[in-house]
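Novice: Chain by chain, the residues:
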Amino acid sequence: MRIVSLLAFLSLLTACGVEPWVKPYERAHIADPIMSFSRDPVSDAYLQHVHEAREAARGAEGSSGGGCGCN
Amino acid sequence: MKRIFIKLTCLFLLSMYLQAGAVAAVLPEDRADALYHSYDGGDVEVTGPSILVRKSFGQSVSMSANYYTDSVTSASIDVIATGASEYTEDRTQYSVSGDYLHGNVIMSASYTNSDENDYEGNTASFSISQDLFGDLTNVSIGYAVGWDTVMDNTDDTFSEDVDRQTFHVGLSQIITKDFIMGANLEVITDEGFLNNPYRSVRYLNTSGGYSYQKEIYPSTRTSTAFSLTGKYYLPYRAALGGSYRFFNDDWNITAHTFEVNYVHPWHDVIFEAKFRYYTQSQADFYSDLFPFMDSQNFMGRDKELSDYTSSTFGIGASYAFAENGFGFIEKGTINGAVDFVSFDYNNFRDARVNVVTPGTEPLYSFNATVIRLFVSIWY
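The listed protein sequences correspond, in order, to chains Z and B.
Every position in the first sequence, counted from 1, becomes a number in the working numbering once 23 is added.
Every position in the second sequence, counted from 1, becomes a number in the working numbering once 611 is added.
Hints are not guaranteed to be accurate.
Which residues of chain B face chain Z? A partial, calculated answer using Cβ under 8 Å [said to hold, decoys possible]:
#1 Thr760
#2 Asn764
#3 Thr765
#4 Ile799
#5 Thr800
#6 Lys842
#7 Tyr844
#8 Glu915
If you are wondering where the hints come from, they were derived from the structure by calculation, not from laboratory data.
Quick reminder that beta carbons are idealized off the backbone N, C-alpha and C, glycines included.
Bound conformation, chain B alone (with noise of 0.2 Å):
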C-alpha cells in the first residue's frame, strides 16, 4: 500500500512539474483571525483562544502562524467514576506551515507543536495540489509524520512513544456552474502507546462487586476514511451543502458522519445552520464490563471507543465591516457560532450510579455547548 502510494505521488509531482504553468492557481488570501473558543459538557469545560495569521511575500510564496491554547477543567465521568478527583490542565499549540506557488501548482509544508504537562505532539506535513482541465478539477495529495510522547502526572519514569503517519489524496469537481463536489481519502497508521495511561477498565470480582485495572489497548492503530461533500448554489443567493464520511479502521470500528448546512446571506449578514449526524460501532476490545480480571490480551473501556450517537444542531452569523476597507484592512467580519451536542452511549454505562448488580447502571449520555466567537481581517 505505501509502496504504491509513494509510487503514483513521484508520477504525481512529475506529470504536474511537466504540465505547470498553463492555467495560475491562487495562493489563500492574507488575513488574521482571533478566535474564543469553549466547550461545555459532560461536566468537563475547555476554553481558550486561537491566533492564525497568514501573509504572502511576493507573488508565490503565503506564510500563516497560529497560536491555540486549551484550558482544561475536567471533572468527567471518566475521571470520577475511577475515584480521582476535578483536575484542571493547558495545552497550547504552534503552527507554522509554507505554501508555494508554481504555475498552477500549490506545494504546501507545515509544522505543529502540542504541548501539555503529560503530552507532546509533533507532526510534520507535506502537500501539493494542482488546477487541472481549466481550473475546474483540483486534485491535491499529502503526507504527514507524528511523533508524540505519552507521560503520566502519577509517575515520573512513565514515558511512552507514539509514531504516525497520515496519508491524504482530494479531488475537488465544479460539477455545474451552480455545484461543486469534494472527495477525500485518508489513511493513517499510529504505532506506539496508543491508551490513555490514566484511565482503567472494569471487571467483575469476585464478591459479586466490581474493581478496575489499567487499560491495555493493541499498540497499532490503521484507519481509512473516506468523505463525499457536496454544494449547490441555490436559486436566490444561498447555498445548500452536504457530506458524508465512511470510517474503517482495523480495531473494527466503522462509523458513519452525515451533515446538511444551509447558508443564508442576509444584507451584511450571513447567517448559517447545520445538522450533524455521527454514529460508530464498538472497538473488538472494548467492554463495558470485562467478566474477571485479566480476562483478554486487549482489554478498553473508553467510551471514545464504544458504540455511541452524536447529532449536533448549530447556528451561526458573520458580520461584515470596512467592506470598503479601513486604514490598512480591505474588510472584516465579526463571527459568532454555537453547537448544541447530545450524545448517547448505547454500551457504556453510568458507573457512578450505585447499584445492586454490576452492568445494570443507566447508560450514559451528556449533552455539550461549543461556541466560537472569532473576528477576522483582511488586509
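So that you can see chain Z by itself, here it is in the shape it has in the complex (with noise of 0.2 Å):
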C-alpha cells in the first residue's frame, strides 16, 4: 500500500499539471552558456581529477573517472 502511495505521488510529481511559473520565453537568461554549471565538460572532467587525487573529500561533484595517478 505505501509503494501504491508513493508511486501515485511521484506520478502526480511527473505529471504537468504544476504551471511554470517561469515560462519559456523568459528562459534567454537562464539558456544562456555562461549560466551553465559545467560549459566544459573535458576541462571540469580534469579539474574533478586533480580535487579527487589530492583531497579525501569526494563525490556530489558531477562526473566520474577512475584511477589515481596521484603518488
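From the two separate chains plus the hints, produce the assembled complex.
Specialist: Dropping the structure here:
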C-alpha cells in the first residue's frame, strides 16, 4: 500500500499539472551558456580528478572517473 | 539504505516511464575538445592530453568517447621522506558513454578503464534523468560500480582488489528567470585494499629517533557528500555562481568545500574568475608520528588523510571563433585557465627536515599551479 501511495505521489510530481512559474519565453538568461553549471565537460572532469587525487572528500561534484595518478 | 535506494529507483523509473513524452529533453550538443593539462606543485609534475568527442545518431542517441593521459614525474615529500628516489609513470584512461533520449527522459550509461603500471581501475555507470514541471526541474538518479586492482612495482606477487559502489541523486531547479540552483547527494562505498602500498607511517623508536613501517588502512570505507550550487544572472550580461559541499565518511573525516565564481563576457571572449576554499579534518587512524611500532590496528600517515586546508584562486578566458560556421564547424572556442592552489597542513610535518626531537619538524605546506589549455569545436 505504501508503495502504491509513493508511486501515485511520484506520478503526480511528474505530471504536467504544475504551471511553470518561469515561462519558456522568460528563460533567455537561464539558457545563456554563461549560466551553465558545466560549460566545458573535458575541463571540469580534469579539475575534478585533480581534487579527488589530493583531497579525502569525494562525490557530489558531477562526472566520475577512475584511477589515481597521485603518488 | 541500499534496499530503499533500489526501491525508490524502481518507482522513479516506473513513474518516469508512465509520464514520459509530454516535453522533450535535449541531448548534449555534438562537440569535440582537445585539452592539454598541467599540474605542478609539491615536486610533482603531471601533464598530458585529454580528447573528448561527442556525436549524436538520429534524434535520440548520443555517444561520446574520451582519451586521457597523465604523465607523472614525482619527487614528492611522500617519496623522498622515506628514502625512495624520483620516479616517472604514465596513466592512460579510456571512457565511452551513451545517452538515450525518450520523451523528457535521458538514460545514460558509461564505462571507464584506467591503466597504469601498478594500478588498474574500471568503472561502469548508469543514470537516468527527467525534466519536470515544464522543464523547470531536472531530477537525476545514478548508480556506478567500480572494480580496481592494486599492484606494487617492488613486489611482483602483490595484487589486491578494490570494489566500489556509488549512488547518486541530483536535482536542478530554475528558481526565477535569473536564478538556477542544483543539489547533489552521493554515497560511495569501497571495499578492499584501500591504502597506497608504497606509503609508510613513522613511529618513535627506542633510540629517540623515528622509524617507518607500512600503513595499515581499514578494508572498508563509506562516504556521503551533499552539495548545493547556485548561479545568478546579473542585470548586465554576467553570471555569479556559488557552491557548498559537505562531506563525511566513516573514517571520521569531515570536509567542507566553498566556491564562488564570476563569469563575464566581453566581445568574443568570456572571462572567468573563481575562489575555492577546502578544509578537512583528519581520519581517526591518522597520525604524523605514532608513539611506537604497531601502536594501533589501523595506521595512516597520508597527508590526504590529515587535517588541512587548501585555497584556490583561478582565472580563465574563452575566445569564440567561427561563430557563423566554417565548413562542417558550427562554432569553436580557444580556452585557457590557470589555478593557483596553496595547501597548508595542520598535522603533517616535513620529515625531510632534521631536528633533534621527532615531531617538532615544521608543518608542511606547498603551492601548486594547474593549467588547462583547450580547443573546442561544435559541429
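Novice: Kindly indicate which numbered hints from before are broken by the structure, ordering the numbers from low to high.
Specialist: Violated hints: 1, 2, 3 and 5; rest satisfied.
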